[in-house]
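Student: These are the residues of each chain, in order.
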Amino acid sequence: GNSVTQMEGPVTLSEEAFLTINCTYTATGYPSLFWYVQYPGEGLQLLLKATKADDKGSNKGFEATYRKETTSFHLEKGSVQVSDSAVYFCALIVNDMRFGAGTRLTVKP
Amino acid sequence: GAGVSQSPRYKVAKRGQDVALRCDPISGHVSLFWYQQALGQGPEFLTYFQNEAQLDKSGLPSDRFFAERPEGSVSTLKIQRTQQEDSAVYLCASSLASSGALTDTQYFGPGTRLTVL
Chain A
515 GNSVTQMEGP VTLSEEAFLT INCTYTATGY PSLFWYVQYP GEGLQLLLKA TKADDKGSNK
575 GFEATYRKET TSFHLEKGSV QVSDSAVYFC ALIVNDMRFG AGTRLTVKP
Chain B
18 GAGVSQSPRY KVAKRGQDVA LRCDPISGHV SLFWYQQALG QGPEFLTYFQ NEAQLDKSGL
78 PSDRFFAERP EGSVSTLKIQ RTQQEDSAVY LCASSLASSG ALTDTQYFGP GTRLTVL
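Residue numbers (my numbering), protein chains in the order written: chain A, 515 to 623; chain B, 18 to 134.
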């Protein structure tokens, strides 16, 4: 079946550190890939997406590249801020949307 | 404009009670999705509507779960004879998806936290 596996948290970083949250997927067909973010007390928001191999999604300094050869969609940011503290979910769509379990990121000043 | 809204935000039910959870999608959004999110987990797909048509209900965990969207706008998720394992946050999302493309951005509501005692 279609599924997403993402890096377990929690992840704690200092401000301005480099962030990587790993995400790999298993899918039949050609999925579209997403990163969603959930800030404390808020609903899920789309952060970025990529719909075909080698596409790079980017938003708010975050980037992820759709790698078909490694079935991965790792999330990166060069310099995190305290305001990036949230739970990040990797997801895919083939016939329906499948989410990973989420990775909690805490950024300390 | 307003985002996706859900009500109630919190619901406590005694085991065996029926509950109804409401979702108001963004005006004009054709597609509507329901998800169940257990504590510490990612959302899991329950069901999907395009207008009033329920196109996929493969994620509904049992026949106690029923969803409807009779006029293609507001949707209600009903859970009959609630059990403790139904305790979760129920999320609703909507998307424009006028062409039926599931890859259209989904906009999520704040969720309803259901606790079954």
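Quick caveat, the hints were computed from the structure, so don't treat them as lab data.
Because the structure is a prediction, the values reported are computed rather than measured.
A virtual CB, placed ideally from N, CA and C, is assigned to each residue, including glycine.
A few of these clues could be false.
Derived Cβ-Cβ restraints for the label pairs, each shown as a range [what the hints assert, rightly or not]:
1) A:S599 with B:V29: 39 to 45 Å
2) A:T542 with B:Q100: 28 to 34 Å
3) B:V91 with A:A531: 41 to 47 Å
4) B:Q100 with A:G555: 36 to 42 Å
5) A:T620 with B:G89: 37 to 43 Å
6) B:D73 with A:K622: 39 to 45 Å
7) B:K31 with A:A531: 26 to 32 Å
Keeping only pairs whose Cα atoms sit at most 30 Å apart, straight-line, the calculated DSSO-like set for lysine-lysine is [unchecked claim]:
8) A:K622 with A:K570
9) A:K582 with A:K622
10) B:K95 with B:K31
11) B:K28 with B:K74
12) B:K74 with A:K563
13) B:K74 with A:K566
Student: Measuring from beta carbon to beta carbon, are S599 (chain A) and V29 (chain B) in 39 to 45 Å?
Tutor: violated, 29 Å
Student: If you check the beta carbons of T620 (chain A) and G89 (chain B), does the distance land in 37 to 43 Å?
Tutor: holds, 41 Å
Student: When you check the alpha-carbon spacing of K582 (chain A) and K622 (chain A), does it fall within 30 Å?
Tutor: Since the Cα atoms of K582 (chain A) and K622 (chain A) sit roughly 34 Å apart, the hinted pair is violated (cutoff 30 Å).
Student: Check the hint pairing K622 (chain A) with K570 (chain A) against an upper bound of 30 Å on the C-alpha distance.
Tutor: Since the Cα atoms of K622 (chain A) and K570 (chain A) sit roughly 28 Å apart, the hinted pair holds (cutoff 30 Å).
Student: Could one say that the CB atoms of D73 (chain B) and K622 (chain A) fall in the range 39 to 45 Å?
Tutor: With a Cβ separation near 42 Å, D73 (chain B) and K622 (chain A) satisfy 39 to 45 Å, so the hint holds.
Student: How does the Cβ-Cβ distance of V91 (chain B) and A531 (chain A) compare with 41 to 47 Å: does it lie in that range?
Tutor: Distance hint for V91 (chain B), A531 (chain A) holds at roughly 44 Å.
Student: Hey, K95 (chain B) versus K31 (chain B), does the alpha-carbon distance stay inside 30 Å?
Tutor: holds, 15 Å
Student: Take a look at whether the Cβ-Cβ distance between T542 (chain A) and Q100 (chain B) falls inside 28 to 34 Å.
Tutor: Cβ of T542 (chain A) to Cβ of Q100 (chain B): about 32 Å, so the range 28 to 34 Å holds.
Student: Tell me if the straight-line CA distance from K74 (chain B) to K563 (chain A) falls inside 30 Å.
Tutor: holds, 25 Å
Student: Does 26 to 32 Å hold as the CB distance between K31 (chain B) and A531 (chain A), or does it fail?
Tutor: violated, 47 Å
Student: Does the Cβ distance between Q100 (chain B) and G555 (chain A) fall inside 36 to 42 Å?
Tutor: With Cβ atoms ~28 Å apart, the hint is violated.
Student: Is K28 (chain B) within 30 Å of K74 (chain B), Cα to Cα?
Tutor: holds, 23 Å
In summary, the numbered hints that this structure violates are 1, 4, 7 and 9.
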